[in-house]
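With the hints as extra help, turn the sequences into a complete structure.
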Amino acid sequence: MTTGPCDRCEELLQDFLDRTLSDAEWAEAERHLDDCDYCRRRYRFEASLRRYVRTTAAERMPPGLMDKLQQLRGYHPTA
Amino acid sequence: MREPEPTEARRIAAEERDRARFEEEALALADQVYRVARRLVGTREEAEDLVQETYARAFRSWRSYTPGTNMRAWLLRILTNLNVDRGRRSQRAPQTQSLEETDYYLANKLASHVGEEALEEEAVVERLSQDAVVNALSELPPQFRDVVVLVDIGEFTYADAAQILDIPIGTVMSRLHRGRRALKAKLAEEALP
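Line order of the protein sequences matches chains P and W.
Following the working numbering, the numbering of the first sequence begins with 73 at its first residue and continues without gaps.
Following the working numbering, the numbering of the second sequence begins with 15 at its first residue and continues without gaps.
I should point out that these hints are in silico values taken from the structure, not numbers from a laboratory.
Even glycine gets a Cβ: it sits at the ideal position worked out from N, Cα and C.
Treat the hints with caution; some may be incorrect.
Said to hold, decoys possible - Taking CB as the label site, the calculated pair distances span: (1) P:Arg123 - W:Glu115: 13 to 23 Å; (2) W:Ala34 - P:Lys140: 13 to 23 Å; (3) P:Lys140 - W:Glu169: 24 to 34 Å; (4) W:Ser188 - P:Arg80: 12 to 22 Å; (5) P:Arg123 - W:Pro207: 20 to 30 Å.
Okay, here's the thing in structure tokens:
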């Protein structure tokens, strides 16, 4: 199977976003993203998707839980 | 009963200070610990129980924490172990193999709905509702969900996630990649029928 530069970019993109690529792979991905609208749009989308998932999935601690945790303090095994 | 020796009294007082400092540091992380817990289990009640059990155990075994190391990771390790022990990880996940598409799958599907250009807009992700995100996460198989939640929601490093889950870093990476692909396939299925 032959794969084009966009397939290669798709393969590198998650690690590009995670900043875990080698220098050579990083440069390769960056060069392609500079030239390719199709992949650049997908790069921006993936970056905003990650932020969006992180923020929408975050739920604050329910009120009252902190008090319950405070009450667990000062455990004395022999008391 | 004999009064403790002055040096013994000082030792006890110092230990109480260390313990109080530990407890305060741990409690300051409770919101972040809850945020991860909430996405690892099915309901808010389960998340609350899990966080309470975690802190009960942490406060009991505070001496095994090494000061200066990552306390949030230390707490999450207790939490994920308790979660596995109690068999409470929500298991409504069906076979995921068929749900794994390529990395661009969701972007492509979204582009076919809103147009290629709109894909670049920051707000395009809002087409995916909060419910869709939450459901998609909860439907991931537990092994994948643990890693995706720790790294993408808890913002732990690969190395921290590996330590928390007691798996090799390579396993973290492969589960993360597959988990993210499965998450995007679920999101496409939920939000873009």
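ask   = If you check each hint against the structure, which ones fail?
value = No numbers; nothing is violated.
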